[in-house]
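Chemist: Read off the chains here:
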Amino acid sequence: MSEEKTLSLTLKVWRQSKADAKGHFETYKVSNVSTGSSFLEMLDILNEDLVAQGKEPIAFDHDCREGICGMCSMTINGMPHGPLPGVTTCQLHMRNFRDGETITIEPWRAKPFPVIKDLIVDRTAFDKIIQAGGFVSVRTGSAIDANIIPIAKETADLAMDAAECIGCGACVAACKNASAMLFVSSKVTQLNTLPQGQPEKDRRVLAMVKAMDDAGFGNCSNLGECQAVCPKGQTLDFIAKMNRDYAVASIKKLFKSRGKSRK
Amino acid sequence: MSNPEISFSEKWKSATDPNDFAKTISLIPDGPLAEKWSKRKFEYKLVNPANRRKFHVIVVGSGLAGGACAASLGEMGFNVSCFCYQDSPRRAHSIAAQGGINAAKCYQNDGDSVYRLFYDTIKGGDFRAREGNVYRLAEVSNSIIDQCVAQGVPFAREYGGTLANRSFGGAQVSRTFYARGQTGQQLLLGAYSALSKQIGLGTVKMYNRHEMMDLVIVNGEAKGIVTRNMITGEIKSWNADCVVLCTGGYGNVFYLSTNAQGCNVTAAFRAFKHGAGFANPCYTQIHPTCIPVHGDQQSKLTLMSESLRNDGRVWVPKTREQAKAIREGKLNPNDVAEEDRDYYLERKYPSFGNLAPRDISSRAAKEACDDERGVASTGRGVFLDFRDAINRLGEDVIRDRYGNLFDMYENITGVNPYKNPMQIYPASHYTMGGLWVDYNLMSTIPGLFVGGEANFSDHGANRLGASALMQGLSDGYFVLPASVPNYLAKCGLKGAPKKEDHPEYAAAEAAVRERIEKLMSVHGNKSPRAIHHELGKIIWEKCGMARTEEGLKSAIEEIKALREEFWKNVKIVGTADSLNIELERAARVADFLDFAILLCKDALERRESCGGHFRAEFQTEEGEALRVDEKFHHVGVWEYKGDDDFVRVQEPLVYENVHLATRSYK
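Quick mapping for you: the protein sequence lines, in order, are chains A and B. Under this note's numbering, the letters of the first sequence match residues 1 to 263, in that order. Under this note's numbering, the letters of the second sequence match residues 264 to 929, in that order.
Take these hints with a grain of salt, some might be off.
As the list claims (entries may be wrong) - Straight-line distance between alpha carbons at most 35 Å, and here's what the computed DSBU-like set of lysine-lysine pairs gives:
#1 A:K5 / B:K834
#2 B:K823 / A:K55
#3 B:K499 / B:K536
#4 B:K823 / B:K536
#5 A:K256 / A:K153
#6 A:K12 / B:K834
#7 B:K468 / A:K253
#8 B:K834 / A:K29
#9 A:K22 / B:K781
#10 B:K317 / A:K201
#11 A:K5 / B:K587
#12 A:K55 / B:K800
Unchecked claim - With the C-beta cut set under 8 Å, the calculated list includes, among others, these residues of chain B facing chain A:
#13 Y370
#14 S406
#15 V412
#16 A523
#17 G677
#18 P744
#19 S790
To be clear, the hints were calculated from the coordinates, so they are not data collected in a lab. Since the model is a prediction, treat every value here as computed from it, not as a measurement. Note that CB positions come from ideal geometry on N, CA and C, so glycine has one too.
Please work from the sequences and hints to get the whole structure.
Modeler: Put into structure tokens, the structure is as follows:
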């Protein structure tokens with residue numbers, strides 16, 4: 001382990017008692033934080049202090065604390081997941097902060113992610129997008145042998161790159177349009193790249209984009225903030241791929257033969 | 264609260280013949296191993312497709328077992344409700360599994376087979392699992408891989424386009440399929456996508472941020488649950504034809520573990536209090552390769568995948584002096600000469616080397632540290648060194664294989680593992696024990712099914728790496744979707760009990776409200792987290808990697824005292840009818856405290872060492888686990904009779920194919 005010291009910090013934290021309440025920033029002091037602690041462990045310490053004083057602890061989402069479940073979600077000094085690239089809040093460690101520093105902590109700010117309490121937001125809009133088309137329709141038990149369709153390593157690797165998205169929503173929180181394009185395009189790229197995803201390729205991209213629009217997410221204006229804050233390194237290439245697939249699917253739909261005419 | 268209608272212990276005591284027990288209580292099909300599952304599937308009653316929507320199934324948990332089960336039953340046309348405590352089913356902790364999933368495909372042409380996977384799993388479990396269940400697991404393993412590939416799970420591939428494999432502990436073949444260092448994530452997202460499809464189609468209703476608080480029993484059968492809406496605090500009962508619990512393990516009883524923060528034993532323990540048997544709670548897995556504890560502020564321990572042991576070599580210095588110098592920062596481990604390093608796994612277990620199974624590797628690490636040759640500032644750590652692999656293969660190859668794990672290690676510790684050896688130490692990771700189930704995965708309560716880590720069924724006393732994902736998906740995709748409809752067909756079309764006709768629902772809701780009221784009204788001085796932390800220290804010290812009669816007895820007394828303190832002195836701020844993170848934790852800790860006593864009692868009663876359960880009194884001269892097959896070749900199953908009043912009965916294990924041998928990895 002690298003050598004550990006302790007820090008004293010000032011925290012400005014967004015407090016909001018419930019969805020329809022007015023929120024505000026509250027200032028707290030926290031001391032004796034080990035540089036080896038994670039950011040969430042620092043909040044645990046603060047929460048224990050607050051509980052000891054009979055005050056309500058700060059509610060925040062978290063679960064695995066190893067950077068993979070995608071549940072932790074907070075904006076630290078204006079950056080979703082804080083200052084380190086490629087790191088979720090739960091994997092951010094306090095050695096990246098200075099003694100005496102003031103840290104501002106807010107929830108994800110985006111209309112489709114309404115605040116539930118303090119730093120907790122409602123991200124069910126993401127689930128709805130996946131429900132619209134983020135799957136391959138294959139009945140349990142009906143699959144062919146896994147090695148029947150060879151898939152070039154490069155193709156599998158690209159699908160895997162795209163599949164690494166953890167659905168945390170940092171991309172939306174960072175975007176001035178609250179666009180979910182990076183999230184949606186990650187799933188579209190994973191499934192539309194693989195041979196298994198081809199039969200539903202067009203209907204998938206059309207349905208997912210529609211669900212995204214219906215949920216109130218904005219459009220992409222190519223600023224790349226999402227890519228900058230994504231803890232899993234998802235890139236704008238996926239958005240380009242999705243736009244291509246979307247354009248092709250839309251045109252195909254437009255010129256689609258209507259088949260037999262029925263009276 | 265225990266229900267006399269479903270008491271099983273008396274019935275079990277009278278079934279003295281093991282074969283009879285296997286047939287009539289464990290419900291293991293007759294006949295050769297390879298035909299058991301096919302035979303059973305044919306025996307199952309079916310539900311006509313048009314009638315399926317008339318049956319309501321509750322699935323609790325949305326991990327690999329729960330998510331796959333809910334998706335598959337929904338796809339068949341059953342009316343499914345699925346509950347999870349997270350904000351989305353995609354968060355379930357199956358997502359954190361790193362290394363891979365086993366299957367007997369034998370794509371590597373290395374002599375693998377269904378029987379070999381079966382045998383390795385039985386042996387890895389120290390001969391304490393059922394033959395029939397484990398064979399079924401091995402048998403369906405291949406279908407799991409097919410299913411996942413068809414869903415678009417991007418497993419690693421060779422240049423020729425076929426699937427790649429890696430090796431895992433306890434096996435001499437390469438049968439582990441993987442998706443970089445995040446196989447669990449990809450498999451869970453596969454199950455989540457299948458589940459999402461059914462939610463979109465309306466056959467599955469998903470309830471996020473709902474925590475199961477109790478089980479509802481009607482006429483001796485599981486017919487519903489009570490949940491707390493974690494946003495509004497609403498307590499509500501739900502009626503159904505049957506209930507499937509896929510609620511994970513109880514590793515967080517150790518406070519520090521590799522589990523997610525929210526993982527808890529509440530659902531399983533509530534079922535136990537209603538009369539479900541709890542099997543082998545003392546079988547807990549301590550994973551050998553986690554990042555060591557750094558201090559008191561730590562909330563969780565992070566696993567470094569077992570796959571790292573493919574290329575990393577585990578060592579400590581040969582002398583205490585050098586270890587001390589390393590601990591004090593006076594000696595750089597890279598400067599320790601080759602002849603001064605003790606690669607203790609390679610020395611003790613030459614044929615499996617660094618890939619010795621988890622229980623054995625963990626104990627060996629403890630042994631080295633007990634001998635004062637541990638590293639890390641606390642003295643509780645050993646090295647996992649990639650120097651030789653990097654010299655042999657180059658840094659790029661190692662980065663390609665384990666890049667994300669190395670990054671994670673550096674984030675947490677601030678040390679670059681490409682340049683310095685990793686420091687690792689064992690930590691609570693998985694629990695083999697769980698609710699007792701028969702071959703059909705039904706508990707001792709009719710209508711209550713249990714899948715995944717929550718049940719006890721397949722891993723015996725020790726789970727091999729890459730087998731948890733296999734078991735979760737086997738239960739979820741293939742076993743439960745066959746066995747649950749069989750139960751439903753027997754129930755007939757009368758429908759789930761109506762809440763207004765059965766006072767049990769309102770009574771269960773009232774009991775949950777009363778319990779929450781009781782917690783809220785303590786108004787003490789200690790936070791639930793602080794008490795949980797203390798519980799964890801007791802369990803780790805006295806019911807961790809090495810257990811003794813004396814230690815366990817004193818642990819039980821300490822837990823009782825801590826529990827008393829909890830109910831007198833726990834402090835929960837906020838209100839019960841809103842989002843309250845302290846109340847959530849307190850309710851879970853309350854059940855952990857009761858459960859911890861059961862855990863220690865089971866560890867006390869099992870007077871032998873096997874797998875993850877190591878009783879210091881039972882060891883060979885070389886310090887290896889010493890089984891006592893004459894007395895303990897059985898499943899220890901507990902029945903709840905009242906507070907701290909648990910009765911232990913046995914399910915004898917019948918081995919028709921495997922010869923009970925001393926497990927050797929030398």
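Chemist: Under the constraints set out in the numbered hints, which ones does this structure not fulfil?
Modeler: Hint check: nothing fails, all pass.
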